[in-house]
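Let's have the full structure, built from the sequences with the hints guiding it.
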Amino acid sequence: RKEVEQDPGPFNVPEGATVAFNCTYSNSASQSFFWYRQDCRKEPKLLMSVYSSGNEDGRFTAQLNRASQYISLLIRDSKLSDSATYLCVVPRSNDYKLSFGAGTTVTVRA
Amino acid sequence: DVKVTQSSRYLVKRTGEKVFLECVQDMDHENMFWYRQDPGLGLRLIYFSYDVKMKEKGDIPEGYSVSREKKERFSLILESASTNQTSMYLCASSSSGTREEYFGPGTRLTVL
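Protein chains in written order, with our numbering: chain A, 15 to 124; chain B, 210 to 321.
It is worth saying that the hints were derived from the structure and are not from the lab.
Among the clues, some could well be false.
Derived pair list, reagent style DSS-like, types lysine-lysine, alpha-carbon separation capped at 27 angstroms [claimed, not checked]:
(1) B:K227 - A:K59
(2) A:K56 - A:K16
(3) B:K227 - B:K266
(4) B:K264 - A:K59
(5) A:K111 - A:K16
(6) B:K279 - A:K111
(7) B:K212 - B:K262
(8) B:K212 - A:K16
(9) A:K111 - B:K212
(10) B:K222 - A:K56
(11) B:K227 - B:K262
(12) B:K264 - A:K111
(13) A:K59 - B:K280
(14) B:K266 - A:K59
(15) A:K16 - B:K264
(16) B:K227 - A:K56
In this text the structure is predicted, and so the values were computed from the model without any measurement.
The structure is reproduced here in structure tokens:
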């Protein structure tokens with residue numbers, strides 16, 4: 015089983031819609047999680063950290079389900095500028111390394 | 210603002226050439242990383258350094274080496290470039306005690 019798995023999408027949604035997607039992880043000892051955003055031909059940038067059951071930042075909500083070992087990201091009231099690839103990131107145990115999912119692509123259309 | 214810079218955005222090299230990719234960060238971060246990113250595979254860790262002159266192999270170190278002589282600078286070396294090393298190379302840095310990584314803009318390397 016891969017350390018981090020994501021539905022690659024693409025998720026094509028109209029402006030204003032809500033879109034949600036999941037990420038599953040294999041290391042049950044993981045305590046913190048991240049969502050990074052990567053625009054086309056750009057570097058990944060941190061979108062949100064998740065340390066407990068979830069986190070909310072404006073239109074973005076991340077939820078953590080430890081029992082089932084998945085993290086979800088929900089985007090409300092989608093904007094054209096939300097079009098990007100969203101990377102699920104899980105720290106590895108006992109060191110500073112991170113495991114990256116392959117990403118979920120979201121395209122918001124006018 | 211954390212800034213991570215990489216020496217080139219685009220690079221074209223020939224098979225067998227020695228290739229140097231350089232990364233510089235300006236936030237006094239202890240940890241630095243080199244990844245490659247390929248479609249469908251995500252980011253894969255090549256090498257990691259947690260201090261000057263210290264390095265650890267990542268998941269795919271074969272064919273690569275690294276050098277960290279100064280805290281702010283982390284170099285990736287392809288001793289003899291091969292076509293299967295054509296990829297996007299991303300450098301990142303982080304502070305000890307946090308897991309948040311800051312990325313450079315990437316170098317798209319093509320090996321012919």
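Hints, one by one, checked against the model:
1. B:K227 - A:K59: Roughly 30 angstroms separates the two Cα atoms, so the pair is violated.
2. A:K56 - A:K16: holds (25 angstroms)
3. B:K227 - B:K266: holds (20 angstroms)
4. B:K264 - A:K59: Holds. K264 of chain B to K59 of chain A sits at ~24 angstroms (cutoff 27 angstroms).
5. A:K111 - A:K16: holds (16 angstroms)
6. B:K279 - A:K111: Given pair K279 of chain B, K111 of chain A holds - Cα atoms ~21 angstroms apart, limit 27 angstroms.
7. B:K212 - B:K262: holds (21 angstroms)
8. B:K212 - A:K16: violated (31 angstroms)
9. A:K111 - B:K212: holds (20 angstroms)
10. B:K222 - A:K56: Distance of about 22 angstroms is within 27 angstroms: holds.
11. B:K227 - B:K262: holds (21 angstroms)
12. B:K264 - A:K111: holds (12 angstroms)
13. A:K59 - B:K280: OK: K59 of chain A and K280 of chain B at ~22 angstroms, within 27 angstroms.
14. B:K266 - A:K59: With a Cα-Cα distance of about 24 angstroms, the restraint between K266 of chain B and K59 of chain A holds, given a limit of 27 angstroms.
15. A:K16 - B:K264: holds (25 angstroms)
16. B:K227 - A:K56: holds (26 angstroms)
Checked against the numbered hints given earlier, this structure breaks hints 1 and 8; the rest are met.
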